[in-house]
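When you get a sec, could you build the whole thing from the sequences and use the hints?
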Amino acid sequence: MDVSRSMLARLRARLRREPAAVRRRIRVVHADATRLSLKRRFDLVIVPYYTFNYFLSTRGREAALRRFAEHLTEGGRLLIDVFIPLARIARPPRAPLLRMDMRLPRGERLRGWNLYSMDVRRQLETRRHLIVHDTADGRTQKRRFTIHRRWWHAAELRGLFRAGGLEIEDVFAGYRRRRARGDAEQLIWVLYRPRPCPRPRSSP
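Number 204 marks the last residue of the sequence shown (the numbering used here); no jumps.
Among the hints, a few may not be true.
What the hints assert, rightly or not - Computed beta-carbon distance windows for the label pairs: (1) Y54 / L110: 20 to 26 Å; (2) A13 / R179: 36 to 42 Å; (3) Q186 / V28: 22 to 28 Å; (4) D170 / G107: 47 to 53 Å; (5) I131 / P194: 42 to 48 Å.
It should be emphasised that the hints constitute simulated quantities derived from the structure, not laboratory data. Each residue gets a CB set at the ideal place from its N, CA and C atoms; glycine is no exception.
Here you go:
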């Protein structure tokens, strides 16, 4: 599931190279996570690639958490990975950072720079991208775009998840399940929706 049609088009292109048995197991859905309704529940819901950091508003975060929880089976698990850019908070880069430098066929070259600005009060990272494509015929094409991401500290996330009706089973650093320490920039949260308490029987 993704809100970006272009990303889903890339996924469909990759799926066409997969065996039929793989394709039959995958359903591609274009949807906004804050309004997601698949009419079924799952034992496992994964929200990867720092997706949660892109919900910038309180209303968006709360709506997304409600929708994720509504798609869990009883006893199902929700995995959310989030980031906190500790190194850039401590020492924000002042100059653009070269993040990509690729030599392409026919002598072409593709380079990409990121310029970061950190709003510590609002806990907001702004990342400005510059992509430069040197073509085979000597032309230079440039593309610029900007991305905003919100970060939280662990104590804030605990409160946020519990306010969304989710309990925390585990938290670890990275997908190799390393122990979460104070210097971890990627945290994987394992969440679940608690079972409702049985109603007490009325006295005869």
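Structure-based check of all given hints:
Checked against the hint of 20 to 26 Å, the C-beta distance between Y54 and L110 comes to roughly 25 Å, which is consistent with it. Taking the beta carbon of each, A13 and R179 are about 38 Å apart, inside 36 to 42 Å as hinted. Checked against the given bound of 22 to 28 Å, the beta carbons of Q186 and V28, roughly 26 Å apart, stay inside it. In this structure the supplied range 47 to 53 Å holds for D170 paired with G107, their Cβ-Cβ distance being about 50 Å.
I131 and P194 have their C-beta atoms about 45 Å apart, which keeps the hinted 42 to 48 Å range intact.
Checked against the numbered hints above, the structure violates none of them.
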